[in-house]
Structure formats: structure tokens, C-alpha cells
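Visitor: The task is simple: from the sequences and hints, build the whole structure.
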Amino acid sequence: MTVSQRRLRTILAGVVVILIAGPVGTAVVLGVVYGESPCILCWAQRTSMILIGLVGLFVLRYGPRPRYLGMAVLLGTSGVFMALRHSALHLARDVGQGFAAPIFGIHTYVWSGFIHWTVLAVIGVLLLLLRRDSAEGWRPELSRTGRFSMGLFVVVVGANALQAFASTGPPPFIGQSDPVRFSFNPRHWVWSLDEWTGGAISWRGSWTVSEPDVAALDPDPAHGPLAGLPSLAISRWEQIGVGLEGTLTDLARDPESGRFLAVTDRHGVYLLDSTLSRRLHHVILDPGYSIDLSPLAGAAFLGGDTLAVLATNKSYVLLRPDPAADADLEWRHFLATDGGVTELQLGRFATVRARQMYVMSLAYDSAADELVTLTVPSPRHRRLVVSRFSRRDLMLASEHVPATAAGLTPSTPDRTTLADYVVTGAVVADGLLYAVSAAYSTVLVADPQGRMVRAAYAVPGLMRPIGLAARGPQLLVAQADGRIAVVERPVP
Amino acid sequence: MEFLDLLIILWAAWLVWRRPERERLAFRLLVVACLIMALLFLVGTRTSLVPGVNI
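For the protein sequence lines, the chains are A and B, in the order given.
Here numbering that gives the first Met the number 0 is used: position 200 in the first sequence is 199, and no number is missing along the way.
Here numbering that gives the first Met the number 0 is used: position 19 in the second sequence is 18, and no number is missing along the way.
If you're looking for bench data, these hints aren't it; they were derived computationally from the structure.
Just so you know, not all the hints are guaranteed correct.
Stated by the list, open to error - Covered stretches of chain A, as calculated for chain B (at least 3 residues, CB under 8 Å): (1) 47 to 59; (2) 83 to 96; (3) 200 to 211; (4) 218 to 228.
As the list claims (entries may be wrong) - A short list of chain A residues far from chain B (calculated; beta carbon distances all over 10 Å): (5) Pro169; (6) Thr305; (7) Trp330.
Claimed, not checked - Have a look at the derived ranges for each label pair, beta carbon to beta carbon: (8) B:Thr46 with A:Asp93: 20 to 30 Å; (9) A:Trp206 with B:Ala37: 14 to 24 Å; (10) B:Leu34 with A:Leu161: 15 to 25 Å; (11) B:Val52 with A:Val400: 19 to 29 Å; (12) B:Leu34 with A:Glu244: 47 to 57 Å; (13) B:Ala37 with A:Asp212: 33 to 43 Å; (14) A:Thr117 with B:Thr46: 27 to 37 Å; (15) B:Ala37 with A:Asp480: 47 to 57 Å; (16) B:Leu48 with A:Thr408: 37 to 47 Å; (17) A:Pro185 with B:Leu24: 30 to 40 Å; (18) B:Leu24 with A:Arg138: 16 to 26 Å; (19) B:Val52 with A:Glu244: 32 to 42 Å.
A virtual CB, placed ideally from N, CA and C, is assigned to each residue, including glycine.
Guide: The structure is reproduced here in C-alpha cells:
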């Protein structure tokens with residue numbers, strides 16, 4: 000099936016009329032009648048639709064020349080991208096939380112994406128149906144529908160220009176990110192230059208967060224953000240006595256059985272005996288199967304035989320030693336296994352204040368039956384956030400940016416934040432949350448909810464610790480080389 | 000700036016409708032209008048050029 004030149008003219012005129020009278024015309028009505036003003040991104044998307052209509056007029060007048068079709072495809076693809084970029088600001092918000100009024104339940108920035116996508120589809124269909132001779136001998140005379148589409152275009156775009164003058168102003172004034180409602184009264188007009196100023200150019204903005212790396216951190220407690228801290232002396236060193244695949248990244252201890260759980264940056268999970276000298280079970284997780292697993296950085300016993308391991312991107316895996324593990328069923332989960340471990344669950348912790356931040360610690364509060372994580376800072380997001388997740392549904396239970404107790408003194412007036420610490424290990428013991436920082440070799444002690452850091456202790460002699468466990472009155476501070484410093488557990 | 004962009008588009012449309020022999024100028028205006036639109040969108044999104052999601 001093909002279309003003749005005459006039919007192509009009619010179809011094109013119809014497309015221009017639909018595009019201009021539909022979304023572009025409706026947008027003006029929304030502005031004039033309902034006072035809805037487009038933001039700077041909405042204006043760009045609306046202008047893109049108008050430009051596609053203008054290309055349609057070119058084709059009506061001069062025929063389907065390649066440069067017109069190329070321009071239409073470019074506008075369609077850029078329009079889809081603009082809609083994605085704009086919609087991304089709002090798509091992940093909660094139900095009903097859009098920006099400005101929806102039309103038929105869908106917001107205008109999403110409609111724009113659908114319309115640009117449809118334009119591309121229409122161009123594709125027309126090209127498929129175009130006869131070889133459709134473009135030859137194109138007559139520049141306009142049909143009645145052609146003239147109507149041109150006149151409609153001028154009227155609707157003229158109305159848009161008037162709305163643009165009122166709501167954005169003449170050059171160099173520019174559209175706003177959060178515009179006020181449209182008004183015919185010039186006293187209510189807001190002409191702004193704000194969008195021209197401020198804000199560095201960035202590909203990903205607040206999503207520019209590099210993976211945490213403790214190698215370059217300063218281990219000297221004297222350089223930390225808190226001054227005059229009491230010291231905890233290392234009473235002795237212990238050592239993990241078995242070989243691990245990768246570098247140790249966290250250590251947990253089961254208070255009931257005395258067993259240890261060690262994880263590595265190469266997704267190794269090791270269940271060790273109470274002397275750290277015998278491997279009871281081990282697996283190498285498959286980081287590419289299903290949910291992304293960045294390097295593991297947290298480990299915890301959840302009571303009974305349930306083991307929890309956490310990746311820096313807050314993806315977690317629940318495991319259980321299981322003598323009857325089905326090797327074929329578990330093959331998909333593990334790159335290597337001793338055959339005695341079953342994967343119970345693979346998931347991702349969702350946070351609010353800790354969003355866009357990595358974590359390097361995991362603790363389990365058995366009294367509340369909640370898991371606890373603490374964020375590590377990045378140049379984009381400098382704060383310490385304590386997040387707690389219910390063991391029942393593994394959803395966020397509470398989240399706090401801890402305050403600092405009155406007795407803790409900043410080392411300099413401008414360093415009043417705990418975010419300079421890089422927490423790489425955490426444990427809950429006797430109703431207190433203990434956290435160790437790889438930066439400045441410091442142990443922080445907070446209430447279990449993480450509302451306030453009550454005390455902090457320097458631990459001279461540590462070299463960028465990566466894990467923390469409790470053993471009765473002792474804290475076990477693990478380092479990446481497998482050495483474990485034993486210090487007395489303070490109870491402030 | 001949006002006002003200026005729409006005026007340029009109107010000018011191009013007028014040429015196509017009433018002065019079809021000025022095709023070259025009309026197409027240049029179309030290109031200029033596209034560039035202004037792209038510039039304005041970049042100004043509005045320069046702090047995060049790609050969608051702010053987990054890409």
C-alpha cells in the first residue's frame with residue numbers, strides 16, 4: 000500500500016492540525032483559562048512540538064525533501080530525550096505527586112514524550128507508504144486543508160508567543176523552573192534571569208557519587224573533626240587464620256555461637272568458627288545475577304542461622320547454612336560454594352536521607368529486630384545517616400542524622416559535622432550502637448536509634464579498619480589485612 | 000528568550016505560507032529556532048544533563 004502526493008498532502012496537513020490544535024493549542028488554553036504556566040523545560044518541549052509542526056508546513060509547501068525529514072527525526076528524538084530528562088524529576092515520586100495539573104491522569108511532561116514518540120512513529124509509517132514518485136514534481140500550491148493548517152499554526156503559535164511574553168518576558172529574560180500562574184495583569188508577571196546564573200555543568204548532578212575507597216583516608220585520630228578524645232588501647236592482635244578470596248571488608252560475630260562471618264570485596268562470604276581458624280562454610284556470590292551487588296562491605300548474624308551480607312550499594316543477601324542445599328538450585332546464586340549454603344533472599348534497601356550514598360557497615364539490633372546501616376560521605380553528599388530496617392519486611396523503619404553530644408568538642412569551629420568520619424564497621428551491643436571509622440581511627444558510640452553520638456574514642460595504632468564486632472566486653476576491630484585489634488568496649 | 004524563539008518560528012512560518020520563494024531563509028530560521036530551544040533546555044538542565052535516575 001502506498002500514498003499518492005495528493006493523499007500525502009492531506010495526511011500531512013491533518014498531522015499538523017492535530018499537533019498544533021491538540022497539545023500546543025491545549026497548552027495555551029491551560030495557561031490562559033486555568034493559569035497554568037510552563038516551566039523552562041516545559042517551554043522547550045512545547046517549542047519542540049511547534050518546530051515539528053513547522054517542519055510539517057515545510058513539507059506541505061516544498062515536498063518531502065531529505066533535510067526536512069532529517070530535521071523532523073532529530074526533533075522527535077531530542078523531544079523524547081527532553082521528556083525523559085524532565086519526567087525523571089517526578090516519575091519516581093509517590094502516588095499523585097506530579098508537577099502541575101495532569102491531563103487525563105497524565106502530566107504534560109509525560110504527554111510530551113508520548114507525542115514525540117508518536118511523531119517518530121508517524122514519520123516511519125509515512126516513509127514506508129511513500130511512493131517513489133510522491134516527492135517528484137511536488138506542486139507548491141496549497142490545498143484548502145494546507146492553507147487552514149498554515150493559518151491555524153500562525154494563530155496558535157502567536158498565542159503561545161503572547162503567553163511566553165507574559166510569563167517569561169523579552170530576551171534576555173528566560174523561563175523559570177518554578178513559574179507562577181499566568182495572569183493578564185502585568186503586575187503579576189515575573190520576568191527572571193535566575194536560570195542563566197548559578198550551578199556548575201554536570202552530566203549526572205547529585206548522582207555523581209564515586210564508589211567509596213578507604214585507601215586514601217587519614218588514619219591519624221589527631222586530625223579528626225573531634226578534639227580531645229579519650230583513647231582506647233589495643234590490648235592484643237588476633238588474625239583470621241584461613242585464606243579468603245579477596246580482601247576482607249567486614250567481620251561480624253554471633254553472640255550465641257561465637258562464630259564469625261567474614262565478607263570480602265570479591266563477594267566472598269565465609270562462616271568461620273569461634274577461633275577464626277576454621278572455615279565452616281563459604282560461598283562466592285554471583286554479583287551479576289539479578290540485583291547488582293557492588294563489593295560487599297557489611298555482615299551480620301540475624302539470629303538463628305540467618306546470615307546477612309550487604310554490598311556498598313545497599314543491596315543485601317540473606318543466606319543460611321543448609322546441609323541439604325540443592326546444588327542445582329543454588330548454582331545460579333554462587334560462583335563457588337562448599338555446597339552447604341542456601342540463598343534465602345536478595346534485595347535492596349531503600350532509604351530516604353541516605354539516598355545517593357554508599358554504606359560500608361551493617362549491624363543487627365536483636366532487641367528491636369532491625370538491621371542498621373551507616374552511610375559514608377562523598378563530595379556530593381557530606382553527612383552521616385543511620386538507617387534502620389525492619390527484619391520483618393526489610394523496609395526502612397527509621398532514619399536519623401545523629402547529633403553530637405554536648406561533651407564532644409569540634410577540633411576547629413568549622414568542623415562540626417560527623418560526616419568527616421567514614422564508618423566502615425558497626426555493631427549493636429548492650430543497647431548501644433558502636434561504629435568504627437576508617438578515617439581518623441575513631442570509635443563512635445551512639446544510642447541504638449542513631450539519634451545522638453554520645454561518645455567517641457581514638458584508637459591509635461589502627462590502619463584504616465574495615466569491620467567491627469563485639470565479643471563480651473571487647474570490641475574486635477578488623478583490618479583489611481585480616482588482623483583484628485582487640486580493645487575494651489567502652490560503655491559511656 | 001522563549002518569546003524570541005516563538006517569534007522566529009512565526010517568522011519562518013509566515014515565509015513558508017506567504018513568501019514561499021524565501022525557502023532558504025525560512026529553513027535557516029527553523030535551524031536557529033531549534034538551536035535556541037536546545038540552548039534553553041541545556042540552560043535548564045545544565046546541573047544534571049542526563050536524567051537523574053539510576054541509569
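Visitor: Does each hint fit the structure? Answer for all of them.
Guide: Here's how the hints hold up against the structure:
no.: 1; hint: 47 to 59; verdict: holds (count 7)
no.: 2; hint: 83 to 96; verdict: holds (count 7)
no.: 3; hint: 200 to 211; verdict: holds (count 7)
no.: 4; hint: 218 to 228; verdict: violated (count 0)
no.: 5; hint: Pro169; verdict: violated, 6 Å
no.: 6; hint: Thr305; verdict: holds, 28 Å
no.: 7; hint: Trp330; verdict: holds, 28 Å
no.: 8; hint: B:Thr46 with A:Asp93: 20 to 30 Å; verdict: holds, 24 Å
no.: 9; hint: A:Trp206 with B:Ala37: 14 to 24 Å; verdict: holds, 22 Å
no.: 10; hint: B:Leu34 with A:Leu161: 15 to 25 Å; verdict: holds, 23 Å
no.: 11; hint: B:Val52 with A:Val400: 19 to 29 Å; verdict: holds, 24 Å
no.: 12; hint: B:Leu34 with A:Glu244: 47 to 57 Å; verdict: holds, 55 Å
no.: 13; hint: B:Ala37 with A:Asp212: 33 to 43 Å; verdict: holds, 37 Å
no.: 14; hint: A:Thr117 with B:Thr46: 27 to 37 Å; verdict: holds, 30 Å
no.: 15; hint: B:Ala37 with A:Asp480: 47 to 57 Å; verdict: holds, 53 Å
no.: 16; hint: B:Leu48 with A:Thr408: 37 to 47 Å; verdict: holds, 43 Å
no.: 17; hint: A:Pro185 with B:Leu24: 30 to 40 Å; verdict: holds, 34 Å
no.: 18; hint: B:Leu24 with A:Arg138: 16 to 26 Å; verdict: holds, 21 Å
no.: 19; hint: B:Val52 with A:Glu244: 32 to 42 Å; verdict: holds, 33 Å
When the structure is compared with the earlier hints, violations turn up for hints 4 and 5 and for no others.
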